[in-house]
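Engineer: What follows is each chain in one-letter form.
Protein chains: 2
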Amino acid sequence: MAEPVFERLALVGAGLIGSSIARIARARGDIARVVVVNARTEKTLGRIAELGIADVCEIDPVRAVEGADCVVLCAPVGAYASLAAAIGPHLAPGAIITDVGSTKQSVIRDVGPHVPQGVHFVPGHPMAGTEFSGPDAGFSELFEGRWCLLTPPVGTDAAAVQRIKAFWERCGATVSIMDPEHHDRVVAIVSHLPHLIAFTICGTADDLADETRKEVLQFAASGFRDFTRIAASDPVMWRDVFLNNREALLEMLARFTEDAQAMARAVRWGDASYIEDKVMRGRKIRQALIDINQA
Amino acid sequence: MAEPVFERLALVGAGLIGSSIARIARARGDIARVVVVNARTEKTLGRIAELGIADVCEIDPVRAVEGADCVVLCAPVGAYASLAAAIGPHLAPGAIITDVGSTKQSVIRDVGPHVPQGVHFVPGHPMAGTEFSGPDAGFSELFEGRWCLLTPPVGTDAAAVQRIKAFWERCGATVSIMDPEHHDRVVAIVSHLPHLIAFTICGTADDLADETRKEVLQFAASGFRDFTRIAASDPVMWRDVFLNNREALLEMLARFTEDAQAMARAVRWGDASYIEDKVMRGRKIRQALIDINQA
Ligand SMILES: NC(=O)c1ccc[n+]([C@@H]2O[C@H](COP(=O)([O-])OP(=O)(O)OC[C@H]3O[C@@H](n4cnc5c(N)ncnc54)[C@H](OP(=O)(O)O)[C@@H]3O)[C@@H](O)[C@H]2O)c1
Ligand SMILES: NC(=O)c1ccc[n+]([C@@H]2O[C@H](COP(=O)([O-])OP(=O)(O)OC[C@H]3O[C@@H](n4cnc5c(N)ncnc54)[C@H](OP(=O)(O)O)[C@@H]3O)[C@@H](O)[C@H]2O)c1
Numbered sequence: 007m008a009e010p011v012f013e014r015l016a017l018v019g020a021g022l023i024g025s026s027i028a029r030i031a032r033a034r035g036d037i038a039r040v041v042v043v044n045a046r047t048e049k050t051l052g053r054i055a056e057l058g059i060a061d062v063c064e065i066d067p068v069r070a071v072e073g074a075d076c077v078v079l080c081a082p083v084g085a086y087a088s089l090a091a092a093i094g095p096h097l098a099p100g101a102i103i104t105d106v107g108s109t110k111q112s113v114i115r116d117v118g119p120h121v122p123q124g125v126h127f128v129p130g131h132p133m134a135g136t137e138f139s140g141p142d143a144g145f146s147e148l149f150e151g152r153w154c155l156l157t158p159p160v161g162t163d164a165a166a167v168q169r170i171k172a173f174w175e176r177c178g179a180t181v182s183i184m185d186p187e188h189h190d191r192v193v194a195i196v197s198h199l200p201h202l203i204a205f206t207i208c209g210t211a212d213d214l215a216d217e218t219r220k221e222v223l224q225f226a227a228s229g230f231r232d233f234t235r236i237a238a239s240d241p242v243m244w245r246d247v248f249l250n251n252r253e254a255l256l257e258m259l260a261r262f263t264e265d266a267q268a269m270a271r272a273v274r275w276g277d278a279s280y281i282e283d284k285v286m287r288g289r290k291i292r293q294a295l296i297d298i299n300q301a
Numbered sequence: 007m008a009e010p011v012f013e014r015l016a017l018v019g020a021g022l023i024g025s026s027i028a029r030i031a032r033a034r035g036d037i038a039r040v041v042v043v044n045a046r047t048e049k050t051l052g053r054i055a056e057l058g059i060a061d062v063c064e065i066d067p068v069r070a071v072e073g074a075d076c077v078v079l080c081a082p083v084g085a086y087a088s089l090a091a092a093i094g095p096h097l098a099p100g101a102i103i104t105d106v107g108s109t110k111q112s113v114i115r116d117v118g119p120h121v122p123q124g125v126h127f128v129p130g131h132p133m134a135g136t137e138f139s140g141p142d143a144g145f146s147e148l149f150e151g152r153w154c155l156l157t158p159p160v161g162t163d164a165a166a167v168q169r170i171k172a173f174w175e176r177c178g179a180t181v182s183i184m185d186p187e188h189h190d191r192v193v194a195i196v197s198h199l200p201h202l203i204a205f206t207i208c209g210t211a212d213d214l215a216d217e218t219r220k221e222v223l224q225f226a227a228s229g230f231r232d233f234t235r236i237a238a239s240d241p242v243m244w245r246d247v248f249l250n251n252r253e254a255l256l257e258m259l260a261r262f263t264e265d266a267q268a269m270a271r272a273v274r275w276g277d278a279s280y281i282e283d284k285v286m287r288g289r290k291i292r293q294a295l296i297d298i299n300q301a
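In the order they appear, the protein sequences are chains A and B.
In terms of our numbering, the first sequence opens at residue 7 and continues consecutively.
In terms of our numbering, the second sequence opens at residue 7 and continues consecutively.
To be clear, the hints were calculated from the coordinates, so they are not data collected in a lab.
Keep in mind that a hint or two might mislead.
No copy labels: a pair is met if it fits in one copy or bridges any two.
[To be verified] Only pairs whose alpha carbons sit at most 16 Å apart, straight line, appear in this in silico EDC-like list of lysine to aspartate or glutamate: (1) K49 / E64; (2) K171 / D66; (3) K49 / D75; (4) K49 / D66; (5) K290 / D66; (6) K290 / E72; (7) K49 / D142; (8) K290 / D61; (9) K171 / E64; (10) K49 / E264; (11) K171 / E9; (12) K171 / E56; (13) K171 / D36.
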């Protein structure tokens with residue numbers, strides 16, 4: 007077996023993402039010699055212990071990170087500022103702090119100031135997830151074949167970035183380095199806006215059902231079913247994502263709205279070829295995704 | 007085996023839906039003694055013959071419907087008016103004409119006037135589909151456990167409605183009778199608007215990729231992947247659906263846009279509890295669908 011990437015890995019947060027990392031580290035053995043798991047509640051931590059996917063379970067985040075050469079923040083991004091303020095002073099010299107948060111400019115803003123001299127900060131975002139949350143939702147194939155985007159600030163230690171890259175590759179992901187601002191725009195359109203739309207349309211449909219006092223959701227055809235699946239996601243995580251990627255999300259929603267209005271205009275005025283073109287384009291994009299194995 | 011519902015069933019159109027019906031009728035034997043299949047092109051009809059799922063393949067729709075006691079229109083709804091004009095005069099006295107079109111007020115408008123005295127017209131819509139089209143996309147489980155909505159105009163012969171109900175039940179569907187206007191509003195929100203949104207957001211993302219000359223679609227996270235799947239659907243079918251359910255679709259898009267703007271405002275002003283409430287609601291709706299087996 008290859009040398010473990012880390013001696014002591016501390017996961018701060020143990021839901022879908024954190025517990026998936028713990029499962030992988032446990033199963034592989036070449037990620038860290040010791041895996042420390044922290045969660046906010048005894049309930050989650052107890053479940054991690056029952057699952058047997060941590061070497062050490064520690065409810066105090068400060069104690070959890072002590073002596074770790076790698077700390078991964080796996081909580082909702084809205085919790086990062088206070089978590090970083092608490093653990094920052096206790097990070098070991100030479101350690102790496104990284105994260106899995108879905109937004110990156112906000113994470114750099116919230117965590118950056120609490121990272122002491124001599125500790126390396128490598129923000130990251132595995133582009134993998136499901137609509138489920140909590141320690142039982144995790145599974146060791148979660149990152150298999152998925153992208154993990156790293157957004158190290160200019161001047162970040164190259165060796166630290168390499169170790170985080172090796173870590174994610176052992177988790178099954180393909181790593182790409184990206185500028186944080188570009189990251190936030192890309193995820194705003196491919197992930198955050200689709201979620202906002204899904205949450206919204208479920209509400210629109212439910213209001214209609216209330217209004218007509220008739221079944222609506224009952225007839226969820228294939229189109230709608232997929233939207234409700236997306237909409238089943240965790241409220242706290244998504245609240246935090248929306249609030250922490252505000253500018254990019256609002257920009258993408260504005261672009262989408264313009265495009266939807268153009269489609270509405272084509273429908274109203276019977277512009278058949280405009281509609282056909284747009285649908286055809288969706289088809290091409292789908293085909294392109296299939297070709298690059300992202301479908 | 008039960009008596010077949012029909013003596014001679016004619017399917018006008020043999021893509022995803024038409025060929026699925028043909029497959030079921032072939033496999034079961036209690037739907038019709040003879041299954042006649044018509045398609046627009048020799049190519050599709052030849053494929054139906056190769057698949058061996060029709061007793062008679064007939065390229066001329068007029069000849070296809072001659073002597074049939076049930077005719078099912080399975081073409082895109084934009085083709086219904088001219089198809090009905092052509093076959094109307096050749097429908098057998100006492101026959102039933104029905105359809106599978108995704109819109110119902112337009113179908114009544116386009117087909118109704120061509121239905122001769124003594125022929126029964128029972129508009130229908132199986133709420134089942136995939137993003138694939140053509141004769142090879144069909145499969146005999148397509149309607150299993152799905153709804154089929156019938157929207158017979160007031161005064162339609164009750165026995166004819168009963169036979170169409172029996173037909174769909176043997177196809178595996180659960181039948182519900184609905185007012186055509188209500189039908190069009192329900193499908194506008196649960197199916198047509200989600201498709202319009204999916205087509206649109208794929209274009210918005212692709213424009214962004216063009217603009218930044220950078221990868222965007224490559225990072226399709228789970229949210230976006232589902233949208234591209236929906237967006238892979240047939241351009242002609244969806245063009246026809248949008249143009250033939252214009253009023254309801256535009257109304258639902260307007261409602262959705264208002265709701266999305268309210269969400270945007272909450273994001274802009276940091277209204278965390280509003281966002282959380284909306285996401286929580288999505289979750290509840292998903293749970294409700296799971297409870298009624300529509301998820
Ligand atoms: N889900 C996805 O699809 C996805 C994909 C990529 C990235 N991400 C990112 O991954 C991170 C975790 O998401 P997840 O899906 O794994 O969430 P999750 O399943 O809800 O788990 C969140 C974890 O964080 C802990 N936590 C919650 N609030 C906390 C706080 N205020 N202080 C300290 N710990 C707290 C929770 O502890 P308790 O259980 O004890 O409350 C739980 O262990 C988020 O930043 C998210 O943006 C998610
Ligand atoms: N797909 C869904 O998800 C879904 C769900 C419920 C209801 N529907 C409704 O079902 C109907 C058929 O949809 P589908 O998905 O089965 O479509 P499809 O796979 O594209 O098949 C359409 C069929 O109609 C024939 N056709 C096309 N244009 C025609 C024309 N102008 N005149 C005569 N025949 C023509 C085609 O013949 P050729 O192949 O020879 O061109 C083909 O056999 C539509 O009205 C649609 O609204 C669809």
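Engineer: The structure should be examined with respect to each hint, and the outcome stated for every one.
Structural biologist: Now for the hints, and whether the structure bears them out:
1. For the homomeric pair K49 and E64, the shortest alpha-carbon distance inside one copy (12 Å) is at most 16 Å, but the shortest distance between copies (67 Å) is not.
2. For the identical chains of this complex, K171 and D66 are neighbours neither inside a copy (28 Å) nor across copies (63 Å), given an alpha-carbon limit of 16 Å.
3. In this assembly of identical chains, the alpha carbons of K49 and D75 never lie at most 16 Å apart, being 26 Å within a copy and 65 Å across copies at closest.
4. Only within a single protomer do K49 and D66 lie at most 16 Å apart by alpha-carbon distance; the minimum there is 14 Å, versus 69 Å between protomers.
5. Within a single copy, K290 and D66 get their C-alpha atoms no closer than 50 Å, and across copies no closer than 33 Å, so neither meets the 16 Å cut-off.
6. Within a single copy, K290 and E72 get their C-alpha atoms no closer than 51 Å, and across copies no closer than 40 Å, so neither meets the 16 Å cut-off.
7. In the homo-oligomer, the alpha carbons of K49 and D142 lie at most 16 Å apart inside one protomer (12 Å), although the nearest pairing across protomers, at 51 Å, exceeds that limit.
8. For the identical chains of this complex, K290 and D61 are neighbours neither inside a copy (48 Å) nor across copies (36 Å), given an alpha-carbon limit of 16 Å.
9. Within a single copy, K171 and E64 get their C-alpha atoms no closer than 26 Å, and across copies no closer than 61 Å, so neither meets the 16 Å cut-off.
10. In this assembly of identical chains, the alpha carbons of K49 and E264 never lie at most 16 Å apart, being 46 Å within a copy and 40 Å across copies at closest.
11. In this homomeric assembly, K171 and E9 come within 16 Å of each other (Cα to Cα) only inside a single copy, at 15 Å, whereas the closest approach across copies is 66 Å.
12. In this homomeric assembly, K171 and E56 never come within 16 Å of each other (Cα to Cα): the closest approach is 30 Å inside a single copy and 52 Å across copies.
13. Taking CA atoms no more than 16 Å apart as the test, K171 paired with D36 passes inside one copy only; the shortest distance there is 14 Å, against 61 Å between copies.
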